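Undergrad: Going by the UniProt record's numbering, the sequence shown opens with residue 1, and the numbers climb by one from there.
Note that these hints are calculated values from the structure, not bench results. Hints are not guaranteed to be accurate.
[Said to hold, decoys possible] Okay, the calculated beta carbon distance ranges per label pair:
id: 1; residue 1: R335; residue 2: T642; range: 39 to 49 Å
id: 2; residue 1: A373; residue 2: C492; range: 54 to 64 Å
id: 3; residue 1: G386; residue 2: E115; range: 53 to 63 Å
id: 4; residue 1: F187; residue 2: N287; range: 20 to 30 Å
id: 5; residue 1: P317; residue 2: Q222; range: 19 to 29 Å
[Stated by the list, open to error] Derived pair list, reagent style DSSO-like, types lysine-lysine, alpha-carbon separation capped at 30 Å:
id: 6; residue 1: K375; residue 2: K650
id: 7; residue 1: K79; residue 2: K132
id: 8; residue 1: K763; residue 2: K721
id: 9; residue 1: K728; residue 2: K695
id: 10; residue 1: K309; residue 2: K201
id: 11; residue 1: K72; residue 2: K132
id: 12; residue 1: K721; residue 2: K79
id: 13; residue 1: K531; residue 2: K79
id: 14; residue 1: K745; residue 2: K721
id: 15; residue 1: K300; residue 2: K274
id: 16; residue 1: K556; residue 2: K650
id: 17; residue 1: K584; residue 2: K309
id: 18; residue 1: K584; residue 2: K598
id: 19; residue 1: K556; residue 2: K695
id: 20; residue 1: K650; residue 2: K79
id: 21; residue 1: K584; residue 2: K79
id: 22; residue 1: K357; residue 2: K430
id: 23; residue 1: K728; residue 2: K556
id: 24; residue 1: K793; residue 2: K721
id: 25; residue 1: K793; residue 2: K745
id: 26; residue 1: K103; residue 2: K132
id: 27; residue 1: K721; residue 2: K765
id: 28; residue 1: K765; residue 2: K598
id: 29; residue 1: K584; residue 2: K556
id: 30; residue 1: K763; residue 2: K79
Values in this document were obtained by computation on a predicted structure and should not be read as measured data. Glycine is no exception: its CB is placed at the ideal position from the N, C-alpha and C atoms.
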Amino acid sequence: MQILAPKIAVWCSKSSNKNRKWKIQQWRNGYSYLNALFLAHLLALSLQSVTGQMWDGVAVTQGDFQALQAIKHELIDVKGALHSWNGSNGACSGQWAGIKCVKGQVIAIQLPWKELAGRISDRIGQLRELRKLSLHDNAISGTIPRSLGYLPNLRGIYLFNNRFSGSIPPTIGNLPLLQTLDLSNNFLTGEIPSSLANSTKLIRVNLSYNSLSGSIPRSFTQSFSLVILALQHNNVSGIVPDSWGGFGNKTCPLGVLTLDHNVISGTIPPSLTKLEWLQEISFSENNISGVIPVEIGRLKRLRRLDLSKNAINGGFPSSFTNLSSLESLNVENNRLESQIPRDIDRLQNLSVIKLGKNRFNGEIPASLGNISAIKHLDFSENNFMGQIPPSLTNLLNLTSFNVSYNNLSGPVPILLSNKFNASSFVGNLKLCGFSSSTPCLPASSPQNITNPSTDVPKLHRHRKLSVKDIILIAAGALLVLLLVLCSILLCCLLSKRAASKKNDNITAKQAAVRSVEKGSTEVGASEAGGKLVHFDGPFVFTADDLLCATAEIMGKSTYGTAYKATLEDGNEVAVKRLREKTTKGQNEFETEVAGLGKIRHPNLLALTAYYLGPKGEKLLVFEYMPRGSLSSFLHARGPETTVDWATRMKIVIGITQGLNYLHTEENLIHGNLTSSNILLDDQTNARIADFGLPKLMTSAAATNVIATAGTQGYNAPELTKTKKPTAKTDVYSLGVIILELLTGKSPGEAMDGMDLPQWVASKVKEEWTNEVFDLELMKDTPNIGDELLNTLKLALHCVDPLPAARPDVQQILQQLEEIRAASTSGVCILSMLHEYNANLQYNCEFLSSIIFFVYRKLNSKANTQVKTAYLVRILGLAPLCFPAPENGDLKGEIVSPTMVAATVKVDHHRSPVIRP
Numbered sequence: 001m002q003i004l005a006p007k008i009a010v011w012c013s014k015s016s017n018k019n020r021k022w023k024i025q026q027w028r029n030g031y032s033y034l035n036a037l038f039l040a041h042l043l044a045l046s047l048q049s050v051t052g053q054m055w056d057g058v059a060v061t062q063g064d065f066q067a068l069q070a071i072k073h074e075l076i077d078v079k080g081a082l083h084s085w086n087g088s089n090g091a092c093s094g095q096w097a098g099i100k101c102v103k104g105q106v107i108a109i110q111l112p113w114k115e116l117a118g119r120i121s122d123r124i125g126q127l128r129e130l131r132k133l134s135l136h137d138n139a140i141s142g143t144i145p146r147s148l149g150y151l152p153n154l155r156g157i158y159l160f161n162n163r164f165s166g167s168i169p170p171t172i173g174n175l176p177l178l179q180t181l182d183l184s185n186n187f188l189t190g191e192i193p194s195s196l197a198n199s200t201k202l203i204r205v206n207l208s209y210n211s212l213s214g215s216i217p218r219s220f221t222q223s224f225s226l227v228i229l230a231l232q233h234n235n236v237s238g239i240v241p242d243s244w245g246g247f248g249n250k251t252c253p254l255g256v257l258t259l260d261h262n263v264i265s266g267t268i269p270p271s272l273t274k275l276e277w278l279q280e281i282s283f284s285e286n287n288i289s290g291v292i293p294v295e296i297g298r299l300k301r302l303r304r305l306d307l308s309k310n311a312i313n314g315g316f317p318s319s320f321t322n323l324s325s326l327e328s329l330n331v332e333n334n335r336l337e338s339q340i341p342r343d344i345d346r347l348q349n350l351s352v353i354k355l356g357k358n359r360f361n362g363e364i365p366a367s368l369g370n371i372s373a374i375k376h377l378d379f380s381e382n383n384f385m386g387q388i389p390p391s392l393t394n395l396l397n398l399t400s401f402n403v404s405y406n407n408l409s410g411p412v413p414i415l416l417s418n419k420f421n422a423s424s425f426v427g428n429l430k431l432c433g434f435s436s437s438t439p440c441l442p443a444s445s446p447q448n449i450t451n452p453s454t455d456v457p458k459l460h461r462h463r464k465l466s467v468k469d470i471i472l473i474a475a476g477a478l479l480v481l482l483l484v485l486c487s488i489l490l491c492c493l494l495s496k497r498a499a500s501k502k503n504d505n506i507t508a509k510q511a512a513v514r515s516v517e518k519g520s521t522e523v524g525a526s527e528a529g530g531k532l533v534h535f536d537g538p539f540v541f542t543a544d545d546l547l548c549a550t551a552e553i554m555g556k557s558t559y560g561t562a563y564k565a566t567l568e569d570g571n572e573v574a575v576k577r578l579r580e581k582t583t584k585g586q587n588e589f590e591t592e593v594a595g596l597g598k599i600r601h602p603n604l605l606a607l608t609a610y611y612l613g614p615k616g617e618k619l620l621v622f623e624y625m626p627r628g629s630l631s632s633f634l635h636a637r638g639p640e641t642t643v644d645w646a647t648r649m650k651i652v653i654g655i656t657q658g659l660n661y662l663h664t665e666e667n668l669i670h671g672n673l674t675s676s677n678i679l680l681d682d683q684t685n686a687r688i689a690d691f692g693l694p695k696l697m698t699s700a701a702a703t704n705v706i707a708t709a710g711t712q713g714y715n716a717p718e719l720t721k722t723k724k725p726t727a728k729t730d731v732y733s734l735g736v737i738i739l740e741l742l743t744g745k746s747p748g749e750a751m752d753g754m755d756l757p758q759w760v761a762s763k764v765k766e767e768w769t770n771e772v773f774d775l776e777l778m779k780d781t782p783n784i785g786d787e788l789l790n791t792l793k794l795a796l797h798c799v800d801p802l803p804a805a806r807p808d809v810q811q812i813l814q815q816l817e818e819i820r821a822a823s824t825s826g827v828c829i830l831s832m833l834h835e836y837n838a839n840l841q842y843n844c845e846f847l848s849s850i851i852f853f854v855y856r857k858l859n860s861k862a863n864t865q866v867k868t869a870y871l872v873r874i875l876g877l878a879p880l881c882f883p884a885p886e887n888g889d890l891k892g893e894i895v896s897p898t899m900v901a902a903t904v905k906v907d908h909h910r911s912p913v914i915r916p
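Please take these sequences and the hints and turn them into a complete structure.
TA: Below, the structure is given as structure tokens:
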């Protein structure tokens, strides 16, 4: 510190004379973080001069000026983001938005989230010193200029979330210093150029969510620097190359390989098991066959393995339980067989196990109960036999459980049957105790079992009955018969008297459930001609039970009034009484409601029964959700009750899973998705309600529902004209709900004359992103910053005014799972940095982002003295990278990676993170 202190003093002095401002931006996202704390101010003053002058008073070169003018001419700037790009001031004066210069030459163009359209001019190739091009999250179309491949200093290309088309220019492979290439979420076609792997510094390649075709270039397997390769959601075909694992004394540092949602065939290459840094493999929804490689147990750092929806056969190899870091395993919808390893409890980090729709057999291992981290367990549609192990009740974190459609037998452990509904256990003919319709019969007593070999002789030894004995037996039988007849007669009289009393005086309890109309005196199906239909097995309550239940109004909507009904046996159900004259005729109504009653999903509110009254009243019976609606959960709680981000993210994913099931499996549009229609069970799992109800309504009533939702702020803008809900309007409503969870604000609130999506977008454009988030989330752990920002970005895509620009629900679910996975995983490249010290170097911008992330990491966990000491220690690297500028020049352009190897870890989805 004593050595560094004078340098800090000199830098601060130079900075105060020139009154400069210094911003550090995220390596991946491009967001600005403006912190007013003292330490942030100290950091800014310490580094503003050493980072080089982005505007040094030197006039921009003629070639760069002409290139910028050509770029502006080709772009469509509807919001005036490029208004400052004019001839009245110099491009390197610091007043041109998004432009950074050194010695009169442009080194960075950073214009994300500016709603730019048009295309990129090919004259961008004139910016010979350009190091960073960041135009992500706009609406730019056209092709990617080939001239980008002629910029020898280009290190980062960030063009994701735009509308680029055409092929990827092969010339990009000519860039010797390129580290990041992110072209995801565009409309790119053609094959992936094999030349991309020629960039020996390339660390991250993300080409996901395009329409790329052809095979995976074999050259990627020979890269000594590539850490992340993301090609999911394309049309990539062929096989996965089998030449991974490094060459000679060097190893491949690949940490993330995502190829899901393509048309890849062949087998899983055995050479993948040589990638010792591999942490994520995702091959789902392809045509991959063969077996899981025998040596997969080598991947000690593997955290996520997704091989779902392929044609993989065989079973788990014996080395599988060596995957000690594995957290998520998804192999559902394959042809896997054999048994689950008995020592599976060696995988103590497992939280997700999805084995559904395979051919697994044998018993479910009791050792699973020793893995306390398990949250999701799906063994459905296999050939498992035996009993459900009682040890599974030890899984206190278990929130999703499904063993349906197997050959299981015996009783379901009580804790599991109480926690999960019957749909988790159905399809096992010998399984009992999971619902009232599947009781477990008591076991027969050994003393009651007759032994034929001993009983036959005894019968022969019995004496013959006398006449007296016969008379006594006959008299006793006659007496019993008379008693039974008297009991039946008495019961009939009492029942008739009770029915008469009910007809004369309908109770207040009945009125609460039925909202009794004038003159209505019907009390049940048997006497008044009403009809009660159950969907889950035999009757668990009668019409009398339902109509006589204690009821409490929960709320009213355009569909009708909802009640909480407590039955006589203490069970609780939710009852929705539909408004009169809004539903279809009885025959059509029964046809539609029968279809809705078959829909079952953990994130959908199940319709369990319906009742048709003799005078046209219609009651729908649902499961009761004790925590009420998401709207009241967020906005009607006391100040002492907080909702952390983990709970909100769990709710978002639950809603998306339910909506995805409606769209993909049931081909059903919700049409009225609001936070009031999202209900929460006692484990805070989200259940979507009111789905399919428009099918029961007249067209006029359904239109009224759409109009009402619009006044609440959840309707997509196109519904004001079309009045017809679509999958894209559901996505818009989902985006509003996500924003509601992020901001803590109700969409019905007026915010400066804007609705919620407009208000959030305005704050993001003004780079006041921190003002968007709920204060409760800002107090949450500092490690969720990237997760919040990525979820916010996704939500804003969902509420895009153009329906075609919104993702579908399956894509949203995929991205949410990636965001959640990114918050708990990272790709460590320390060894790789050390090994390639002579060949691999990082620029100063990278080190700047590292320093800022140190500050973020310690922001809320350490006092000022600790933070200052830690940062000063890290800043000891800065003089090597950023010496004090002389005559406005920027020198020491690169830093050896060994200088940061002791501190740096790279998050495989976003940006540098500092080791704790």
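Undergrad: Take the hints in turn and mark each one as holding or not.
TA: Hints and how they fare:
1. Against the hinted window of 39 to 49 Å, the Cβ-Cβ separation of R335 and T642 comes to about 46 Å, which satisfies the hint.
2. Between A373 and C492 the CB atoms are about 60 Å apart, so this pair conforms to the stated range of 54 to 64 Å.
3. Between G386 and E115, the C-beta spacing of about 60 Å keeps the proposed range 53 to 63 Å intact.
4. Taken as a hint, the range 20 to 30 Å holds for the pair F187 and N287, whose Cβ atoms sit roughly 24 Å apart.
5. Distance hint check for P317 and Q222: the Cβ-Cβ separation is about 27 Å, which falls inside the suggested range of 19 to 29 Å.
6. A hinted pair counts as satisfied when its Cα atoms are at most 30 Å apart, and K375 with K650 qualifies at roughly 12 Å.
7. For a cut-off of 30 Å, the pair hint linking K79 to K132 stands: about 23 Å separates their Cα positions.
8. The straight-line distance between the Cα atoms of K763 and K721 is roughly 28 Å, inside the 30 Å bound, and the hint therefore holds.
9. A distance of roughly 19 Å separates the Cα atoms of K728 and K695; the hinted pair therefore holds under the 30 Å criterion.
10. A distance of roughly 35 Å separates the Cα atoms of K309 and K201; the hinted pair therefore is violated under the 30 Å criterion.
11. Using a Cα cut-off of 30 Å, the hinted pair K72 and K132 holds, with the two alpha carbons roughly 17 Å apart.
12. Using a Cα cut-off of 30 Å, the hinted pair K721 and K79 holds, with the two alpha carbons roughly 25 Å apart.
13. A C-alpha spacing of about 60 Å is found between K531 and K79, which places the hinted pair above 30 Å, so the restraint is violated.
14. Only pairs whose Cα atoms come within 30 Å are accepted, and K745 paired with K721 is accepted, the gap being roughly 27 Å.
15. Proposed proximity of K300 and K274 is supported: the alpha carbons are some 11 Å apart, at most 30 Å.
16. A threshold of 30 Å between alpha carbons decides the hint, and for K556 with K650 the separation of about 27 Å falls inside it, so the pair holds.
17. A distance of roughly 40 Å separates the Cα atoms of K584 and K309; the hinted pair therefore is violated under the 30 Å criterion.
18. For the proposed pair K584 and K598, the alpha carbon gap of about 19 Å is at most 30 Å, so the pair holds.
19. With a CA separation close to 19 Å, the supplied pair K556 and K695 stays within the 30 Å bound.
20. The hinted pair formed by K650 and K79 fails the criterion: a straight-line CA distance of about 36 Å is larger than 30 Å.
21. Between the alpha carbons of K584 and K79 the distance comes to roughly 48 Å, so the proposed pair goes past 30 Å and is violated.
22. Restraint check for K357 and K430: the C-alpha separation of about 20 Å stays at or below 30 Å, so the hint holds.
23. Simply put, K728 and K556 have alpha-carbon atoms about 27 Å apart, close enough for the 30 Å limit, and the pair holds.
24. Taking the CA atoms of K793 and K721, the gap is near 27 Å; set against the 30 Å cutoff, the hint holds.
25. Only pairs whose Cα atoms come within 30 Å are accepted, and K793 paired with K745 is accepted, the gap being roughly 17 Å.
26. Between K103 and K132 the alpha-carbon distance is near 16 Å, which keeps this suggested pair within the 30 Å criterion.
27. For the proposed pair K721 and K765, the alpha carbon gap of about 28 Å is at most 30 Å, so the pair holds.
28. Taken as a hint, the K765 and K598 pair is broken in the structure, with Cα atoms around 46 Å apart against an allowance of 30 Å.
29. A distance of roughly 20 Å separates the Cα atoms of K584 and K556; the hinted pair therefore holds under the 30 Å criterion.
30. A hinted pair counts as satisfied when its Cα atoms are at most 30 Å apart, and K763 with K79 qualifies at roughly 14 Å.
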